[in-house]
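Sequence lines, in order, name chains A and B.
Per the working numbering, the very first residue in the first sequence carries number 1; after that it's consecutive.
Per the working numbering, the very first residue in the second sequence carries number 1; after that it's consecutive.
Among the hints, erroneous ones may be present.
Straight-line distance between alpha carbons at most 30 Å, and here's what the computed DSBU-like set of lysine-lysine pairs gives [as the list claims (entries may be wrong)]:
1. LYS45/A <-> LYS223/A
2. LYS126/B <-> LYS45/A
3. LYS291/B <-> LYS94/A
4. LYS49/A <-> LYS223/A
5. LYS126/B <-> LYS223/A
6. LYS285/B <-> LYS49/A
7. LYS285/B <-> LYS94/A
Calculated directly from the structure, the hints in this document are not laboratory data.
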Amino acid sequence: MKRSRFPVLVTAAVLLFFYAPIVVLVINSFNASRFGGSWEGFTLKWYEKLWNNDDIWSALWTSLGLATLASLTAMVLGTLAAFALHRFQSRLQKIHLGTLTVPLVMPDILMGISLLLFFVALGVPTGFTTIWIAHVTFCLSYVTMVVLGRLQDFDFTLVDAARDLGAGRWQTLRRVVLPLLAPGIIAGGLLAFTLSIDDFVITFFVQGPGTTTLTLRVYSMMKVSQNMPVINALATILLALTFAVVTLSFKLTRKQTAP
Amino acid sequence: MSAAKNIPSRRAEWLLTLPSLGWLAVFFVAPALIVFLLAFKTADATGGVSAGWTLDNLRALADPQYRPILWRTFWISGTTTLICLVIALPVSFAMARAAPRWRNFLLLLIIIPFWTNFLIRVFAWKTLLQSDGLVSQLLDATRLFDESPTLLYNSGAVLLIMVYTQLPFAILPLYAAAERFDFTLMDAARDLGASGFRAFRSVFIPGISRGLGAAALIVFVATIGMYVVPDIVGGTDSEMIGNKIAQRAQGDRNLPLASALAAALLFCVLLLLILCSSAFRRSEKLDNALKGELQA
């Protein structure tokens, strides 16, 4: 029986559709042409301009600090939540799981506007702290799901073994449970870190004067200064960095699955 | 377990649950409720919210300024969802039928482009579609048009880039369903004389209907709340409800009106989630009942 080639052709076309804009963007970051319509020779001057752009540097440091704080907070809250969901089966955990699932499908704009309205209603001035709160809120569910996934493969007889050998609760947690779960928790944290660095919409709503993250800076460059080639250069570097982070988290999660 | 052990375990459960549940109750559930509440308030001159109550904001939703936008939001999202499903179906089919070592590689190939920042991906398209961009040049080379068409700042551009950003979210759940699909059923249909397309339509598509439902829900909910795409590549005649929320909130700072628009959107999203989860539960129950029947 002859199999139709159609699905395979569609798949190839989709991959081309996915990669073409990104490949063009990376190529244009080395293109001497300002508008990227045609190739006018190789240059590194956009990278040089990027290097000398103080606004981008300060936005980068803000984003990195924010992502570190937000992902650490989400790691602690998410790990506790995953333990609760895994160990207990009660009505409370059903509500808990439901509350953790809805943020995963909630459109960004709703989370952004609702948090803005919340802060305004309480009279809280927007700024670094409100962005941090917003980022923890949308990262928390992702971290919980990643750690919960790891917990499902976790061998709890190891806990009993440690307790039988005389280890206390705290000692078991610190010496047995946490080291074994560390790859999962770190993978969740890395996911939260990239989500935080990547977010624009929610940050846009809860931003305040004096705190500009990298995506907010990129957005204003796109809207106002139209400084396209520098954004291409920045995008290329970010792509390389994201690639490195995701590869690392892949390695961390895979290590334990292989026996 | 003895009663004496049960009490600390109950306390342990609360200790583990409270941090995350408390955080979400305060920063997710309460803000969502406030959206509904502030929709009945009026704006004051300083961009805050004044004390009185009003129905004006809800009336404004029926206003000629907003009605077409609500309508447009639905048709753009609906069309995006449909296009994504139509493209994702053959892709997930091809992926599920590929050799196992190819599958994970293809999956990775689908995901990698989406490691780039969302804003930057939309921006990359803007560069491609601008008047002297690569796509215009390619179109000119085909000589199909006397005058090169405007590719940016219209609903077509919004639709194209919406599909670009949402397609993986349609492919992934469909692939997950297709991977579990029993392809010998299709061979059986072909043996019984069905054409390839007929087998695809009457056996494969019903077989992965739950994945189809999940994909449609994910894409539709994400697109009705879209803001960045129409903002960057759309024009004034392709604005969606997300643009209006952002304009009212961060532009002219009319928070109660932004709140009313957000309340309308939130209402739609919650309604969809409730409808879909009950549909899923019903189809699962039906499945279990059928399984029980077969075993008996």
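Cross-check of the supplied hints:
no. : hint                  : result
1   : LYS45/A <-> LYS223/A  : 22 Å, holds
2   : LYS126/B <-> LYS45/A  : 22 Å, holds
3   : LYS291/B <-> LYS94/A  : 26 Å, holds
4   : LYS49/A <-> LYS223/A  : 19 Å, holds
5   : LYS126/B <-> LYS223/A : 12 Å, holds
6   : LYS285/B <-> LYS49/A  : 61 Å, violated
7   : LYS285/B <-> LYS94/A  : 19 Å, holds
In the structure shown, a violation is registered for the earlier hint numbered 6 alone.
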